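Novice: Sequence:
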Amino acid sequence: MNLSLIGCGKLGYSILKVLLNSGTFAKEKLSVFQRSKERRALVEKEEEITVYSSDYTYLKDKEVILIAVKPQDFKELASSIWSYITNKQLIVSVMTGIKIATLRGSLPGAGGYVRLMPNLPLRIGCGMTPYFYDEELSTCHLQQLKSLLVPLGESLRLHNESLINVATAVSGSGPAFVSAFIRAFLTATVSGGFSEQEANKIVYHTLRGSVELWRSEAFGTSYSSTISDLIFQIKSKGGTTEAGFKVLEEGNFEKVLEKAILAAIQRAQELGEKGAFKGE
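Per this note's numbering, the sequence shown runs over residues 79 to 358.
Be a bit skeptical, because a hint or two may be false.
Stated by the list, open to error - Below, in silico cross-link-like pairs of lysine to aspartate or glutamate (EDC-like), each with a Cα-Cα straight-line distance of 20 angstroms or less:
id : residue 1 : residue 2
1  : Lys166    : Glu141
2  : Lys115    : Glu125
3  : Lys313    : Glu295
4  : Lys337    : Glu320
5  : Lys148    : Glu351
6  : Lys153    : Glu124
7  : Lys107    : Glu124
8  : Lys352    : Glu239
Hints listed in this document are in silico derivations from the structure and should not be mistaken for laboratory results. Remember, predicted model here, so these are calculated numbers, not experimental data.
The task is simple: from the sequences and hints, build the whole structure.
Specialist: Below, the structure is given as structure tokens:
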């Protein structure tokens, strides 16, 4: 499959590396564009590919055009590339806040338009990528989309474009919230006497086992009742877990975390309504 990647910042470059490492995309079938001279030099050196600044004539023979520029730069980009778009091409955007209608209006005539919302764990093939398209895609474009999504990890088709904004907060911002929890867990473990190496191991496997247990027993059922049951199985009266839970309840831990996620969702919706994000 021939693909053009426009924008090789943090997210675009992460996607590029994953696609190259997957073996799905050959270097000779890729064309990569990046305005920053320093960034172009970095990508060319690291990946041993040619990165163009603005010679968009290379778009003509590409089947998929993946746009990963900053949302505020899209208007200028669209004015430069719209004449190279054909009805055989699939336009895929990872720009937050740029709706399908805007893509279609700015780059008319493409064969299909898709929005993706990848997250940071895609770097190791463990991403969660919600995606949306409002008009049915051809069999060919669906296969191309699948080829793009599979190397990134798991994916979920959304049937309401507004949920892209929710996904921005949940799966997009989620790794940061989880990382904050992990940091607190590690800090307490080291404070208790473990070395950092030991703490990393015990916390990692505790979290991994807990997530796998949740996945094994809670998926497909009511998450609330099942998770409560898992907690009940561990939290015995007068024990260590109950002592810790008293502190969590005093700090209203679950409600605070819920409010944090809802605040991120609200902000994502506000920024999405403006048509473009100015930063996460």
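Novice: For which of the previously enumerated hints does the structure constitute a violation, in increasing order of number?
Specialist: 4 and 6
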